[in-house]
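Protein chains: 6
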Amino acid sequence: MRLSPPGFQRFSQAESLEVVYGGGEANVAVAVAQLGITASHVTCFPENDLGYSAAASLKKWGVGTEYIVYKGNRLGQYFLEKGSSLRASKVVYDRDNSAFAQLSPELFNWKEILKGASWFHWTGITPAISHNAAVACLQAIKAAKELGLTVSGDITYRKNLWQYGKTVQQVMPELVEGSDLVICGESEAEEIFGIQSKENINDPFETLGRGLMERFPNLKKVISTKRETINASYNKLGGIMWNGEQVIQTKSYDIEPIIDRIGGGDAFMAGFIFSALKGRGDRNALEFATAASVLKHTIPGDALLVTEKEIEQLMQGNAVGRLVR
Amino acid sequence: MRLSPPGFQRFSQAESLEVVYGGGEANVAVAVAQLGITASHVTCFPENDLGYSAAASLKKWGVGTEYIVYKGNRLGQYFLEKGSSLRASKVVYDRDNSAFAQLSPELFNWKEILKGASWFHWTGITPAISHNAAVACLQAIKAAKELGLTVSGDITYRKNLWQYGKTVQQVMPELVEGSDLVICGESEAEEIFGIQSKENINDPFETLGRGLMERFPNLKKVISTKRETINASYNKLGGIMWNGEQVIQTKSYDIEPIIDRIGGGDAFMAGFIFSALKGRGDRNALEFATAASVLKHTIPGDALLVTEKEIEQLMQGNAVGRLVR
Amino acid sequence: MRLSPPGFQRFSQAESLEVVYGGGEANVAVAVAQLGITASHVTCFPENDLGYSAAASLKKWGVGTEYIVYKGNRLGQYFLEKGSSLRASKVVYDRDNSAFAQLSPELFNWKEILKGASWFHWTGITPAISHNAAVACLQAIKAAKELGLTVSGDITYRKNLWQYGKTVQQVMPELVEGSDLVICGESEAEEIFGIQSKENINDPFETLGRGLMERFPNLKKVISTKRETINASYNKLGGIMWNGEQVIQTKSYDIEPIIDRIGGGDAFMAGFIFSALKGRGDRNALEFATAASVLKHTIPGDALLVTEKEIEQLMQGNAVGRLVR
Amino acid sequence: MRLSPPGFQRFSQAESLEVVYGGGEANVAVAVAQLGITASHVTCFPENDLGYSAAASLKKWGVGTEYIVYKGNRLGQYFLEKGSSLRASKVVYDRDNSAFAQLSPELFNWKEILKGASWFHWTGITPAISHNAAVACLQAIKAAKELGLTVSGDITYRKNLWQYGKTVQQVMPELVEGSDLVICGESEAEEIFGIQSKENINDPFETLGRGLMERFPNLKKVISTKRETINASYNKLGGIMWNGEQVIQTKSYDIEPIIDRIGGGDAFMAGFIFSALKGRGDRNALEFATAASVLKHTIPGDALLVTEKEIEQLMQGNAVGRLVR
Amino acid sequence: MRLSPPGFQRFSQAESLEVVYGGGEANVAVAVAQLGITASHVTCFPENDLGYSAAASLKKWGVGTEYIVYKGNRLGQYFLEKGSSLRASKVVYDRDNSAFAQLSPELFNWKEILKGASWFHWTGITPAISHNAAVACLQAIKAAKELGLTVSGDITYRKNLWQYGKTVQQVMPELVEGSDLVICGESEAEEIFGIQSKENINDPFETLGRGLMERFPNLKKVISTKRETINASYNKLGGIMWNGEQVIQTKSYDIEPIIDRIGGGDAFMAGFIFSALKGRGDRNALEFATAASVLKHTIPGDALLVTEKEIEQLMQGNAVGRLVR
Amino acid sequence: MRLSPPGFQRFSQAESLEVVYGGGEANVAVAVAQLGITASHVTCFPENDLGYSAAASLKKWGVGTEYIVYKGNRLGQYFLEKGSSLRASKVVYDRDNSAFAQLSPELFNWKEILKGASWFHWTGITPAISHNAAVACLQAIKAAKELGLTVSGDITYRKNLWQYGKTVQQVMPELVEGSDLVICGESEAEEIFGIQSKENINDPFETLGRGLMERFPNLKKVISTKRETINASYNKLGGIMWNGEQVIQTKSYDIEPIIDRIGGGDAFMAGFIFSALKGRGDRNALEFATAASVLKHTIPGDALLVTEKEIEQLMQGNAVGRLVR
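Here the protein sequences come in this chain order: D, A, Y, R, Z and L.
Going by the numbering used here, the first residue of the first sequence is number 1, and it counts up by one from there.
Going by the numbering used here, the first residue of the second sequence is number 1, and it counts up by one from there.
Going by the numbering used here, the first residue of the third sequence is number 1, and it counts up by one from there.
Going by the numbering used here, the first residue of the fourth sequence is number 1, and it counts up by one from there.
Going by the numbering used here, the first residue of the fifth sequence is number 1, and it counts up by one from there.
Going by the numbering used here, the first residue of the sixth sequence is number 1, and it counts up by one from there.
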């Protein structure tokens with residue numbers, strides 16, 4: 001549950017907060033569902049009106065909620081204050097004790113849940129939240145591999161979330177080991193896996209990709225957005241990939257003004273998953289994922305709410321910004 | 001009736017829609033009325049609360065509603081989703097069966113209506129909507145010419161509106177024939193009148209203007225905005241004119257961010273009509289019309305709500321953007 | 001698509017309109033889905049953003065949208081001005097040419113659609129809209145009977161909707177013939193079926209029920225709300241039933257202030273369908289349906305968004321109106 | 001210019017204020033214009049954006065603004081905090097130095113302004129504001145009498161407004177002397193004219209009416225609303241008249257909840273003026289005026305925005321509060 | 001931090017939530033500060049933007065925040081869904097792990113904090129939240145007694161809050177022992193202290209009062225509101241007191257519609273504290289406290305924002321509900 | 001009291017106005033209070049709900065209100081229409097007759113008020129409003145000097161405010177004479193003090209500073225923002241200082257889009273006062289003040305609501321515009 005002051009108010013000015021239900025994995029599920037792919041979100045929500053409201057929101061955007069377990073105390077929250085130009089956006093997390101943090105791994109029969117599916121996606125938020133969440137995540141990945149699903153992970157390392165006793169260095173490797181594809185940035189590669197790509201001036205992403213694949217031979221692709229933050233209202237955004245053979249890089253888009261940058265990485269992932277499932281090649285998939293991420297920045301809320309055609313139009317650069325009648 | 005989601009929401013996110021009553025000819029009427037010229041809007045509205053509300057809105061902005069006929073089923077609508085940066089704005093039309101589309105030409109006694117007026121303006125939306133609307137438009141133009149009014153037309157060719165059996169190529173020439181001045185862009189000149197101006201590299205607008213005036217000797221001026229769409233939030237805008245003798249072109253304004261670009265062409269027309277009625281020369285009128293159009297992009301809603309002085313200040317480039325105390 | 005001015009504004013005062021997607025059958029589907037019953041809405045929506053938004057709204061409330069056909073021009077609308085005390089609420093319909101009105105019966109394979117279902121519900125709005133809609137409705141009822149579903153209908157006779165050439169007296173009987181249960185009020189019984197119940201002073205509803213069942217032997221129950229309209233803000237509401245043997249009547253609830261009375265009949269129907277499917281007896285089902293309808297009046301929008309437990313609590317009269325912590 | 005906190009917020013809670021342009025005479029003008037009578041508002045507004053906005057609001061509701069003089073410092077304001085049940089509504093006036101208070105009588109050529117009109121209406125707010133306003137009011141009344149207009153006045157005595165040196169007892173008689181009809185309550189009659197009607201237990205309004213007419217032989221009718229204030233949300237309201245021959249009294253309406261009681265007296269006056277101009281008899285006119293006043297209480301803002309038909313329906317008590325489709 | 005859907009929306013309908021910072025003791029502090037008494041709120045808020053915003057809100061209403069300790073994880077929340085007529089309001093608590101629940105008693109040097117004060121007030125929410133909070137509360141009461149302050153407590157027993165291992169029966173007596181005055185209802189007296197007052201048909205509150213005073217000889221007065229809940233929009237409210245000698249009871253007020261009933265008990269307490277500090281006698285103090293509580297129901301938010309004069313006017317019944325100009 | 005149409009509406013479009021309580025000196029007080037410095041605002045507010053609301057707003061932001069005198073007619077207002085890109089923002093003042101304009105100098109015992117303070121700040125708005133306000137301002141400055149406070153002044157010369165008979169040239173010198181630091185721009189220096197700095201091409205600000213210090217030997221520093229107005233949405237902003245020895249100049253920040261530029265100068269002053277009180281050196285203080293002013297442009301309302309740390313982060317250019325988690 002995300003709560004934001006309207007417009008560009010500071011927290012202390014807000015008399016009301018806009019409500020959006022989102023989160024890394026949920027955002028990916030919403031985006032691919034909007035693109036026409038059947039998707040379900042598997043999680044724990046509290047058995048109260050907020051938990052039900054979160055599920056109703058997922059349903060609205062076409063995401064299956066049949067595997068959500070309603071159990072536990074509270075819905076995780078974060079408060080988002082939208083910044084502008086030279087004032088940064090600000091997030092206050094309030095996730096302690098959430099139903100999700102307290103989930104029991106045995107609540108989920110992954111073999112049952114994943115039956116018939118072709119893709120499983122996880123993010124680094126899950127193993128950061130609690131030991132149990134990390135265990136459930138690992139069980140899911142293992143079940144997914146057994147059932148032959150493609151597994152993708154978004155590393156998203158948030159240092160201050162890891163509070164329950166284990167370190168990201170202890171937990172993350174096993175999760176990546178079971179994955180076919182990860183989103184991983186240069187700092188993450190260095191801090192978690194000790195892969196120092198920045199020193200390789202010529203092609204740091206190749207270094208990063210090779211490093212990861214050496215350690216995790218199961219990995220087939222490493223992808224990432226390349227974001228240049230001019231200020232809170234203006235970013236440049238491109239995509240990059242190491243597919244084991246070469247680095248592929250997209251053009252960089254100018255996004256100004258940014259309407260809502262939350263979920264930009266999730267939209268990138270969703271665009272890539274969609275493309276992969278539709279059989280697009282590496283370059284095309286990366287272009288599609290990048291355009292998807294760009295469009296996310298123009299839409300309020302956590303989730304990418306666009307059609308395949310809209311992403312294609314941006315990729316092709318036709319009539320960008322013209323009125324569509 | 002225009003209905004838009006607040007802010008930059010997508011249609012599917014909207015829990016409410018902002019209401020503005022507008023439309024090509026109405027927007028011109030509002031703008032000139034705000035500039036101090038007596039203006040009336042002649043149309044058909046349904047005899048229900050929405051029709052009365054549309055008329056009340058026109059009254060608010062000083063437009064005469066004494067010739068509006070309340071008859072017919074429904075008020076034409078369009079839904080506008082405002083885009084931002086790399087996401088285009090989107091329009092969903094819902095004009096079928098509108099009172100306007102169903103109007104009977106005999107409802108309007110143009111000789112009576114136009115008595116004492118000095119200018120009549122029409123747009124290409126009207127003849128596109130229905131056969132009856134096209135007939136009424138032509139009758140009005142003829143009556144206006146007989147009474148000695150200046151007649152202006154804004155071609156605005158929307159391909160998908162022409163659904164009632166006749167083509168734009170069949171209908172439009174007769175309307176332009178009766179006009180003294182038209183707004184016409186290069187694509188329109190080519191698609192409707194077969195005038196290929198783009199091939200003339202040196203001065204396409206001269207080619208366009210000469211072509212039109214050869215075919216329609218009554219025409220005295222052809223004008224157009226020159227818009228460069230960087231993206232949905234950022235456009236460059238200038239004006240251009242062929243007055244039978246020379247091409248006149250204004251400087252190009254940077255508009256960023258765009259608050260609402262709907263009605264930009266109508267504001268241009270209104271600025272030109274106002275200038276012509278006030279006896280401004282061609283260059284000055286074009287500069288005024290362009291500045292008027294630029295200001296429209298900074299105002300929410302369909303219509304240009306500014307004073308002559310505000311347009312003058314922009315034309316003169318003084319204190320652009322400074323706080324007016 | 002329902003569009004309403006905020007608060008108690010008149011149409012002419014509204015600068016924005018609140019959007020709710022609703023309609024008779026859809027409201028019933030939402031209400032039973034919220035109560036935990038699997039339900040799908042079968043209809044035609046236009047293939048545009050408004051049609052998709054309407055479907056997303058149904059999905060949010062748990063209603064299946066898998067049989068919705070996206071085809072046709074426009075989404076039917078109605079504009080609702082909420083009244084207060086001595087000023088009545090006001091509705092402006094704008095349903096002409098809607099995708100629903102233009103549906104082709106052959107778009108729906110009812111045998112396929114209804115497979116595995118146990119209940120089919122229709123309202124009198126559908127056959128009033130167009131000939132095709134009436135045909136599709138009848139085909140659905142017949143298929144439902146063949147497959148052994150229970151069929152319910154809500155007569156809801158709106159005189160001014162019947163514009164396509166057939167009269168309600170020609171169309172309605174065949175629909176009722178295939179139904180097990182109908183909601184029918186005294187005026188409807190008289191105007192459509194010529195059953196004059198009001199003259200029977202002692203027990204008009206028995207007269208109504210007996211009259212209907214004589215003509216339509218398939219009918220097992222006739223139900224209705226009993227509404228006393230003190231003013232636009234204050235109604236008294238009870239329920240009544242003829243089950244072939246006796247008249248059952250509930251107590252009358254005082255509803256003041258009314259938050260939103262649209263959909264009160266649909267909530268009544270939904271409450272009854274839910275009760276019947278759960279095996280509640282006639283009296284209990286009627287009490288449940290009435291309490292459901294009462295609660296609808298306290299909730300903004302067209303649809304009843306409550307749990308079984310909330311309805312039960314109102315039925316039991318415990319702690320009515322106390323804060324639930 | 002009226003500024004109100006949204007909903008039932010106290011002033012200190014308000015982060016925004018709703019804007020309505022209203023005032024006694026303006027409200028009467030809007031109401032009769034909405035009923036279809038040509039009406040103009042004659043006043044002074046400041047020559048700034050607030051003055052123009054006030055005029056635009058009058059135009060929207062069909063009131064002529066051709067005699068408004070734009071001159072002077074500021075627009076008069078009042079701040080309204082809406083109360084509820086046992087908390088009273090509260091008004092903070094900020095009218096000092098308003099353009100209206102500072103108007104010069106010579107700005108208005110009443111003979112010219114009133115030419116062709118049939119009715120002139122004034123309220124007791126005007127002579128209370130400033131000496132100049134009182135002089136202008138008297139000049140208007142005299143010109144109106146000379147031209148044969150009917151003159152009505154609404155005494156509305158607000159003790160704390162009379163600050164400029166003259167007393168109401170000095171100023172008011174001359175105004176009433178030129179009037180054919182006044183709204184006058186019992187306290188006003190006593191405080192201003194020394195007519196003690198309350199002691200006449202049997203028929204205080206007859207005493208009041210006779211007393212006024214003795215003193216002002218020109219008066220033909222005295223009317224008033226009869227309001228019983230149960231609390232801030234619930235009033236009972238009727239109308240009463242002395243027409244020189246008899247007391248006529250309407251039934252009393254229960255208004256609960258009150259949406260906005262400001263302008264209730266102005267709606268009463270407007271209803272009466274409309275009725276008189278349409279040739280309705282005394283009883284019918286009083287019933288119409290009372291129903292008009294009642295409806296005002298259900299509409300947000302200062303002004304009565306209804307049609308003749310809507311008032312008639314309330315008078316006839318048909319279908320009060322039912323949904324109008 | 002209280003978060004409520006706008007108007008009468010259900011939680012699942014809310015796209016935004018209105019924010020109010022409140023809580024039992026804070027509400028009392030705000031109310032007495034608004035009445036002109038110096039008051040401070042002593043608590044723990046998290047050291048983040050939400051904690052600072054809560055403090056800013058207290059400051060706005062004139063409450064001292066100098067003793068607030070900024071420490072701990074999160075701000076306690078509750079979600080309030082406002083009901084209407086026959087739908088009850090609903091509260092979802094989310095207070096686990098709040099900074100307040102986790103406070104260390106040693107953070108507060110009560111001798112220092114209470115120096116110079118004359119009154120200390122606590123509520124039964126505090127000892128229910130956590131062991132530490134209960135300890136801090138008891139230490140404060142003891143310090144207050146030592147320093148000669150009057151101590152009041154509001155029992156407010158919420159069964160489901162007591163989760164940390166101790167029972168209300170174990171903790172509450174010691175707190176009441178140190179108090180001079182408590183608010184205590186009949187169910188609370190029975191469930192916590194075993195005082196069965198309801199069986200005493202003639203005067204249950206005397207039984208309750210005598211029972212409490214026997215057990216806690218330090219107690220000088222027991223007070224309570226008497227609420228009759230007609231429905232969620234309509235309550236009757238009076239006050240009652242046992243002062244050791246007699247039962248005093250006020251008249252009962254009709255509150256309809258209720259704007260916001262949260263904080264009604266806190267306003268009652270605040271009214272009583274204010275009265276006691278101002279030397280009002282028992283009856284007058286109770287009347288004042290009751291009128292204060294009634295007014296709270298007409299004001300959005302948790303806190304009573306009124307002046308002494310406004311409460312007096314309601315007590316005196318003058319002009320209740322009339323417009324205050 | 002500032003009243004603004006929402007978003008980018010023109011005044012005539014506004015149905016509501018956003019309320020902010022601000023003003024030059026108040027904005028400085030709020031900003032330094034937010035930075036952790038004890039600050040009080042000394043002024044006259046009317047003794048009504050608007051005056052109390054203005055004070056509550058100051059309290060919320062931590063500003064002392066203990067010396068505010070509640071006396072006089074009305075609260076000064078200004079109406080702000082926010083412009084965008086090529087449409088300038090517009091202000092309509094309504095300050096005549098405000099409580100502040102009418103204050104009596106004897107209401108303020110400056111020796112008492114300033115006791116224990118270390119800084120006094122005034123702006124050029126105060127002496128422009130009325131003779132009495134100018135007198136009070138001068139008395140305050142003198143008292144401050146006697147008590148050894150540092151005195152700062154912000155010249156802010158608004159030609160059209162000086163209406164009460166004295167000229168700025170007569171009044172201002174005495175105020176500057178008592179000040180240690182002023183904000184003064186080039187036009188102000190020229191128009192008020194006849195210092196023509198622009199002709200000195202090489203270093204106009206040195207000329208300005210030297211000129212002022214020669215005339216007012218008490219002055220220790222002259223500072224100013226350097227604003228380049230690209231358009232209403234995009235400004236470049238730096239700071240400049242003459243400290244008697246050298247010109248110090250900061251880098252220029254790009255602010256795009258501007259959220260609210262009102263109060264930019266006050267934030268600059270507040271940043272400088274804070275820095276000076278904290279012992280920062282000239283360059284650092286100027287950098288801090290400039291960054292403070294820049295951040296103000298990103299925050300809605302008149303006042304700078306940031307922490308020292310947030311300003312520091314902008315100064316250091318780290319992670320500008322990145323999401324702060």
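Source of the hints: derived by calculation from the structure; they are not laboratory data.
Take the hints with a grain of salt, since some may be wrong.
Put simply, identical chains are the same to the list, so a pair is met inside one copy or across any two.
As the list claims (entries may be wrong) - Each computed SDA-like pair below joins lysine to any residue, with the alpha-carbon atoms no more than 20 Å apart:
1. Lys309 with Asp49
2. Lys309 with Val91
3. Lys309 with Val247
4. Lys159 with Arg210
5. Lys71 with Arg95
6. Lys309 with His131
7. Lys309 with Tyr70
8. Lys145 with Asp180
9. Lys236 with Asp254
10. Lys220 with Glu174
11. Lys226 with Val324
12. Lys159 with Asn48
13. Lys111 with Val324
14. Lys309 with Tyr52
15. Lys90 with Ser16
16. Lys111 with Lys145
17. Lys251 with Leu147
18. Lys159 with Arg325
For clarity, every value in this text was computed on a predicted model and none was experimentally measured.
Are the CA atoms of Lys159 and Asn48 at most 20 Å apart within a copy, between copies, both, or neither? Classified as between; 18 Å across copies, 30 Å inside a copy.
Under a CA distance limit of 20 Å, which applies to Lys226 and Val324: within one copy, between copies, both, or neither? The answer is between: 19 Å across copies meets 20 Å, while 29 Å in one copy does not.
Same-copy or cross-copy closeness of Lys309 to Tyr52 [CA-CA at most 20 Å]: between (32 Å within a copy, 15 Å between copies)
Between the shortest in-copy and the shortest cross-copy C-alpha distance, which are at most 20 Å for Lys71 and Arg95: within, between, both, or neither? both (15 Å within a copy, 17 Å between copies)
Lys111 and Val324: within-copy, between-copy, both or neither at 20 Å Cα: Result: close neither inside a copy nor across copies, 45 Å intra and 39 Å inter.
Which holds for Lys236 with Asp254 at a C-alpha limit of 20 Å: within a copy, between copies, both or neither? This pair counts as both: shortest intra-copy Cα distance 5 Å, inter-copy 17 Å.
My question is about Lys111 and Lys145: at a cut-off of 20 Å on alpha-carbon distance, are they close within one copy, between copies, both, or neither? Within. Shortest intra-copy distance 10 Å satisfies the 20 Å Cα cut-off; inter-copy 40 Å does not.
Given identical chains, is Lys309 near His131, meaning Cα to Cα at most 20 Å, within a copy, between copies, both, or neither? neither (41 Å within a copy, 34 Å between copies)
For Lys159 vs Arg210, is the C-alpha pair at or below 20 Å within one copy, between two copies, both, or neither? Neither, since 24 Å and 53 Å both go past 20 Å.
Measure nothing new, just compare the shortest in-copy and cross-copy C-alpha distances for Lys159 and Arg325 to 20 Å and report within, between, both or neither. The answer is between: 10 Å across copies meets 20 Å, while 46 Å in one copy does not.
Checking Lys251 and Leu147: alpha-carbon separation at most 20 Å within a copy, between copies, both or neither? neither (36 Å within a copy, 58 Å between copies)
For Lys90 vs Ser16, is the C-alpha pair at or below 20 Å within one copy, between two copies, both, or neither? both (17 Å within a copy, 19 Å between copies)
Hint violations for this structure: numbers 3, 4, 6, 13 and 17, all remaining hints satisfied.
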